[in-house]
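A.B. asks: Here are the chains, one letter per residue:
2 protein chains.
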Amino acid sequence: MFSGLCGFPITPVRAQEIDHPTLGLLVSRIVSSGASSLGILGSTGGYAYLSRQERTEIIRTAAEFAVGTPILAGIGALTTDEVLRLADDAQGAGPAGVLLAPLGYHKLTPDEVFGLYQDVTGELSVPLCVYDNPATTGFSFSDDLYARIAELPRVAAIKIPPVPLDRDTARHRINQLREGLPEQLALGISGDASASVALSVGCQSWFSVVGGLLPKTAMNILTAAQNGDFQSSRALSKQLDPLWDLFRRYGSFRVISAAAEVMGLVGDSFMPRPLLGLDSAARQEVAQALLPFSSFDSV
Amino acid sequence: MFSGLCGFPITPVRAQEIDHPTLGLLVSRIVSSGASSLGILGSTGGYAYLSRQERTEIIRTAAEFAVGTPILAGIGALTTDEVLRLADDAQGAGPAGVLLAPLGYHKLTPDEVFGLYQDVTGELSVPLCVYDNPATTGFSFSDDLYARIAELPRVAAIKIPPVPLDRDTARHRINQLREGLPEQLALGISGDASASVALSVGCQSWFSVVGGLLPKTAMNILTAAQNGDFQSSRALSKQLDPLWDLFRRYGSFRVISAAAEVMGLVGDSFMPRPLLGLDSAARQEVAQALLPFSSFDSV
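Here the protein sequences come in this chain order: A and B. Numbering of the first sequence is given in the numbering used here, commencing with residue 1425 and proceeding in unit increments. Numbering of the second sequence is given in the numbering used here, commencing with residue 1425 and proceeding in unit increments.
It cannot be assumed that every hint is accurate.
Note that identical chains are pooled: a pair holds if it fits in a single copy or bridges any two copies.
Said to hold, decoys possible - Keeping only pairs whose Cα atoms sit at most 25 Å apart, straight-line, the calculated DMTMM-like set for lysine to aspartate or glutamate is:
1. K1640 to E1607
2. K1531 to D1665
3. K1662 to D1535
4. K1640 to E1441
5. K1640 to D1653
6. K1531 to E1478
7. K1640 to E1536
8. K1662 to E1547
9. K1662 to D1590
10. K1531 to E1506
11. K1531 to E1709
12. K1531 to D1669
13. K1640 to D1568
14. K1531 to D1692
15. K1662 to E1536
If you're looking for bench data, these hints aren't it; they were derived computationally from the structure. Keep in mind that this is a model prediction, so the values were computed, not measured.
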């Protein structure tokens, strides 16, 4: 499950409740694109803002529509106790693996983050993917910490932050990372704008925001890169440059949520206050950025 | 309540439960020092890691031991809905004001932070203090945003981050801030190491970590600064330099928790995993830094 595309759907909402039928539709789109896995309760799904019960129900719905595609479920929370409860809940709802970011209020030390993964993997019966997202957690992993955590049982993958867009620099970075890590550990890229580069220099997996909404387009980018056709992969990715630019300006969570609404795939998306959806001018930009892709990824 | 010392007690723990009698003792020490207010459920109290019920019980205990000293209670949470619930809970438990930091997972925009304060102050019946703590929230207020929020009803104070230790630079910064803000709005300093400087150049209040544990010492620093005797205030503050240095190296939450244990005031302090208490070598350093103050602040 830790190679290929992992598409992260947003959480659709109707009348302020989670819209499970529409979530099922989003999951089905990802499954039918040929994605390797489903990333449920990622940052894109707004996991940090959802209750335990909501999270379990979301995993159940995803499992129902996944028809065999493995599910990776986010279990991040502020305390280890809550992470362990969420891990239990998640494992009961049937995912193939779990995704864990080190959330913090008081800034965590490397030893504390190691301790979190040690405590959690000690209780797990499924593989774990380390989720390194400094933009949301405020915590940056060192390569040494990656290596320590990679030694723990059930640690199967790392979701790494964006790599440099220059391909040689990116290759150097991935090789450097690989040197310190067990061979069987998978590296997956997040940061959609750098995915075609990262996949072409040895990342096995793409943990993708856009792959949750435009999974066929994401599959085309991934397949070309993994088949050694970097030029085609990059050309496809470049067509999405206006979207990557919007991600940078407004945050991918707000942009992909607006995109799902603009495409008519969801009525509303989960945007818990104080977060605000994009205003109409920004929505226009999103609609413009999506124009070339509406036919690629028709329902 | 927004002038003078606001002492923030830690949350004591016994057998993994909150130790209310010992919390009462910590509160009593702050009250009897002559502090102007009590900062309950601040970062020092670990509010972000506590349940709704635990938070309400902590405010109730503080109110019981406050004997008229006004209580400022933290109501921060990740969603506006939860903040509103906590505001309701808190107001039912009797604080004189509330303290609110803009917590985030997805990075908040200035408009979203403004919207949070707008939504919350619209429902409040007590004064609110804006809590600006970029180190824990990842969000930095601009002076423009301060000014917008200061226009909202019931916004009475801002808990600002540390000012520069150079007194002229600090004075310039405080004057610059004052220019854009309503005259009646109080400015309170956090970042204990810069308190004597900030108080000597116009900050009315000190929101103090050390003031929750060594309130008499903190009162001496504050009183000298507010009486125009900056030299004495700075000299007293300099005696705490080893402690400020430990705050910088290990984080004030871990250090002040260890200090309370070293002083024998609490059995254990609230240190929710993945957070770890200081190791024995660091505890030695804490004990060393406290030596000159044990007699000042005897129980």
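A.B. asks: It remains to establish, for every hint, whether it holds in the given structure.
C.D. replies: Comparing the hints with the structure gives:
1. Taking identical chains as interchangeable, the C-alpha atoms of K1640 and E1607 are never at most 25 Å apart, the minima being 30 Å within one chain and 58 Å between chains.
2. Within a single copy, K1531 and D1665 get their C-alpha atoms only as close as 34 Å, which misses the 25 Å cut-off; across copies the closest is 22 Å, which meets it.
3. Proximity of K1662 and D1535 under a CA criterion of 25 Å is satisfied in neither setting, with 40 Å inside one chain copy and 31 Å between copies.
4. When the C-alpha separation of K1640 and E1441 is checked against a cutoff of 25 Å, the pair qualifies neither within a copy, at 28 Å, nor between copies, at 52 Å.
5. In this homomeric assembly, K1640 and D1653 come within 25 Å of each other (Cα to Cα) only inside a single copy, at 17 Å, whereas the closest approach across copies is 70 Å.
6. When the C-alpha separation of K1531 and E1478 is checked against a cutoff of 25 Å, the pair qualifies only between copies, where the shortest distance is 22 Å, while the shortest distance within a copy is 27 Å.
7. When the C-alpha separation of K1640 and E1536 is checked against a cutoff of 25 Å, the pair qualifies neither within a copy, at 39 Å, nor between copies, at 33 Å.
8. Taking the closest pair of Cα atoms, K1662 and E1547 never come within 25 Å of each other, the shortest separation being 43 Å inside a single copy and 47 Å across copies.
9. Taking CA atoms no more than 25 Å apart as the test, K1662 paired with D1590 passes inside one copy only; the shortest distance there is 14 Å, against 49 Å between copies.
10. In this assembly of identical chains, the alpha carbons of K1531 and E1506 lie at most 25 Å apart whether taken from the same copy (18 Å) or from different copies (22 Å).
11. For a Cα distance limit of 25 Å, the shortest separation of K1531 from E1709 across copies, 21 Å, qualifies, whereas the shortest one inside one copy, 36 Å, does not.
12. Proximity of K1531 and D1669 under a CA criterion of 25 Å is satisfied inter-copy only: 17 Å between copies versus 30 Å inside one chain copy.
13. When the C-alpha separation of K1640 and D1568 is checked against a cutoff of 25 Å, the pair qualifies neither within a copy, at 36 Å, nor between copies, at 44 Å.
14. When the C-alpha separation of K1531 and D1692 is checked against a cutoff of 25 Å, the pair qualifies only between copies, where the shortest distance is 21 Å, while the shortest distance within a copy is 34 Å.
15. In this assembly of identical chains, K1662 and E1536 lie within 25 Å of each other by CA distance neither inside one copy nor across copies; the values are 39 Å within and 31 Å between.
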